[in-house]
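As they're listed, the protein sequences go chains A and B.
Number 126 in the working numbering belongs to position 126 of the first sequence; there are no gaps in the numbering.
Number 685 in the working numbering belongs to position 123 of the second sequence; there are no gaps in the numbering.
Keep in mind the hints are simulated off the structure, nothing from the lab.
You may find that some hints are simply not true.
Taking lysine-lysine and the DSS-like style, the derived pairs with C-alpha atoms no more than 25 Å apart in a straight line are [said to hold, decoys possible]:
(1) B/K636 x A/K181
(2) A/K128 x B/K610
(3) A/K131 x B/K610
(4) A/K516 x B/K610
(5) B/K708 x B/K669
(6) B/K708 x A/K181
(7) B/K634 x B/K571
Because the structure is a prediction, the values reported are computed rather than measured.
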Amino acid sequence: MGTMKIDGYPVEFTDEPNILSVIRKAGIDLPTLCYHSELSIYGACRLCNVEDEKGRMFASCSERPRDGMSIKTSTPRLVRYRRMLIELMLASHHRDCTTCVKNGDCELQNLAHRLGVNSVPWGYRQPKHKKDFSSPSIVRDPDKCILCGDCVRVCDDIQGINAIDFANRGTEAMVIPAFNKSIADTDCVNCGQCRVVCPTGAISINTNIRPVWEALADPNIKVFAQVAPAVRVAAGQAFGGPKGENVMGKIVAALHRLGFDEVYDTTFGADMTILEESKEFLEVYKKGGPFPLLTSCCPAWVKFCENRWPEFVPNISTSYSPIQMLGSIAREYYADPAHNEGKKILSVGIMPCTAKKAEILREDLKRDGKQNIDYVLTTEEMITMIKRAGIDFNELESEAADMPFGMGSGGGVIFGNSGGVMEAALRTLCEGSERLEIEKLRQSGVRGPGALREFVFNYKGNEIKAAVVSGLAEANALLQRIHNGESFYHFVEVMACRRGCIMGGGQPAHGGYKTKEARKHGLYESDVNTQIKKSNENPTALAIYDTLIKGREHELLHSHKH
Amino acid sequence: MLDSSFYTKADEILSKHPAQERSLIPILHEIQESYNYVPVELLPYIAKHIGISETKAYSVASFYERFSFEPKGKYIIRVCDGTACHVRQSLPVLERLRAELNLSDKKHTTDDMLFTVETVSCLGACSLAPALMVNDHVHPAMTPDKATKLLQDLREEEAKS
Ligand code: SF4
Ligand code: SF4
Ligand code: SF4
Ligand code: FES
Ligand code: FES
Chain A
1 MGTMKIDGYP VEFTDEPNIL SVIRKAGIDL PTLCYHSELS IYGACRLCNV EDEKGRMFAS
61 CSERPRDGMS IKTSTPRLVR YRRMLIELML ASHHRDCTTC VKNGDCELQN LAHRLGVNSV
121 PWGYRQPKHK KDFSSPSIVR DPDKCILCGD CVRVCDDIQG INAIDFANRG TEAMVIPAFN
181 KSIADTDCVN CGQCRVVCPT GAISINTNIR PVWEALADPN IKVFAQVAPA VRVAAGQAFG
241 GPKGENVMGK IVAALHRLGF DEVYDTTFGA DMTILEESKE FLEVYKKGGP FPLLTSCCPA
301 WVKFCENRWP EFVPNISTSY SPIQMLGSIA REYYADPAHN EGKKILSVGI MPCTAKKAEI
361 LREDLKRDGK QNIDYVLTTE EMITMIKRAG IDFNELESEA ADMPFGMGSG GGVIFGNSGG
421 VMEAALRTLC EGSERLEIEK LRQSGVRGPG ALREFVFNYK GNEIKAAVVS GLAEANALLQ
481 RIHNGESFYH FVEVMACRRG CIMGGGQPAH GGYKTKEARK HGLYESDVNT QIKKSNENPT
541 ALAIYDTLIK GREHELLHSH KH
Chain B
563 MLDSSFYTKA DEILSKHPAQ ERSLIPILHE IQESYNYVPV ELLPYIAKHI GISETKAYSV
623 ASFYERFSFE PKGKYIIRVC DGTACHVRQS LPVLERLRAE LNLSDKKHTT DDMLFTVETV
683 SCLGACSLAP ALMVNDHVHP AMTPDKATKL LQDLREEEAK S
């Protein structure tokens, strides 16, 4: 608590962890390249430097505010200093901006522009390293790395994986996997969180735009898309819309314009996941174990569990993730000549997630040796396609998703938030006067800000102990406690990305606190506006048990890993 | 694959240190001293033992110049090319050593594994510039001819042992 002076104006502070936060609160967007409020403080870029009354310069991200202190944020000296820092970064950077994937969205480029860097006195740096295309999810381009360490900290602090880190020293310093091996040979789980925080083009999404675009142009291929819940609350902002607004209607319209023959809603798949997973849970619950049942929706989590906790792999639900559910059922649907019209079918998932690009390749999720989904495009790639085609997104009239897989429940739509899968699953177990029951569940602790939330749900007079966790470092600690016998749960939801898929590795980057909150509320609000709240009351999902599944649940809706 | 003797040696060194992250550097030092280099294959092994990721172990081991992933010669000659030594003609010394030993800025170690020639930035002996070190021993005020003589002496010493 106290008051400090920023550029001569008094500003109050309360519990801000550092001076930088106070400055930002005061409405000054101080440049930074290595500060993320949820990561440990690194203090490497020095762009956040400020000057105090004695002319001392220091990094505002690394000092606490003190009552009565007075600082300046843009003295001529600071401005010169910042410009020089960017010049130095650019000097050792392969700055082919015009053809870089990050062009237009790059924080280094933006700052160079904003701080008035109009020449780099030290010549041009040619690329020295090979790009790493080994992962289906992310591409590494070490020549673009400015050594800010953001990716290292997110991968280590939040995900507990440490697939990449600093190596070597001085001018040879790089951020790479151990022994400079390719990222696919590490424990990387493809979550893409490193790509979200990377300010430059050094880590980007491994894109599949080209093959999809070619298929869209081919009259002999019927291309259909499914759009995941989290996509709809993240895309609008890229077209200048409000943060977190649900723009599903416009996305459907835009994808139709791009040439997708049908556009389905992965919320339908989410309802299928819940139908199967809640059955599975009740079976396990009645059998008395093995507990906890662990959710299977997040492929980064599944891979993490396989890498680190093989003992818990049998506890992972066999139910397909939503994308696989819809993909698998659509394969059945399009096997019918009446539906495929004699054409080849191409199945595309539009996802907030880079790990889904890896999930679709998994052997245990193939049926008859064939993938259930041909390509995954992330929200970012979808936005790129819409922009590239010159579609005026804001002028589009909303369209409804196509049937028969275009309808989902409110339970399905909240899947994109951490806690959503758990809430949707438990909703199906709600009885009695339902509106009240659903409300009670909502307030049980399943929602909330923490990375770990534990709560108890009453089911027919029995207690179901549940936990919801996001971020793999947190999940790791939870599994350790379960392993040690210190914690016990019947049912645990794990999402690799903090806050869930709304903050997935394929979502538009630069999401600050307001964006995160807005996306979350966007999905909860979509639930409020949906008439059908419970997955097990989605009539279209229930109907396909008679028309398409016909008793083949095990074959069509479950993974075959165990 | 490394010969199993390396792991036996590593086990011996590991047993002397608590299995904690902060043991990493002391362990690497001992390994470096035992072999004159740190076989990279040992890093995942050490990392696992002390409970850190192999990425961290690699990060630390690749940072410090003291640790080398390449096998080094019995005599490691570090020619200082810091400012003081540079202005007092350290480069001709370096060039003479390389010429005599058939080494270059790419090839640091002789095929008989006897000599390694490297540069360092400042040995902290600037008043003795230009300086070099042979293993732990500083040789002051070097000239190219003194460098040739130094190699002769070392070879003689080696022949005696
Ligand atoms: S994708 Fe995830 S696991 Fe892989 S390097 Fe990036 S942050 Fe780490
Ligand atoms: S890869 Fe990106 S996030 Fe990681 S250190 Fe380099 S610039 Fe920073
Ligand atoms: S939390 Fe969601 S977006 Fe993140 S890796 Fe898992 S499935 Fe993908
Ligand atoms: S943001 Fe403070 S040093 Fe980078
Ligand atoms: S510069 Fe050579 S010892 Fe200091």
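Restraint check for A/K516 with B/K610, where alpha carbons must lie at most 25 Å apart: Answer violated: A/K516 to B/K610 is near 37 Å, above 25 Å.
A/K128 and B/K610: Cα distance at most 25 Å? 32 Å, violated
If you draw a straight line from the CA of B/K636 to the CA of A/K181, is it 25 Å or shorter? Violated - the C-alpha atoms of A/K181 and B/K636 are around 30 Å apart, more than 25 Å.
Hey, B/K708 versus A/K181, does the alpha-carbon distance stay inside 25 Å? 43 Å, violated
Would you mind confirming whether the straight-line C-alpha gap from B/K634 to B/K571 stays at or under 25 Å? 18 Å, holds
25 Å limit on alpha-carbon distance, applied to hinted pair A/K131 and B/K610: 29 Å, violated
Does the alpha-carbon distance linking B/K708 and B/K669 stay inside the 25 Å limit? 22 Å, holds
Checked against the numbered hints listed earlier, the structure breaks hints 1, 2, 3, 4 and 6; every other hint is satisfied.
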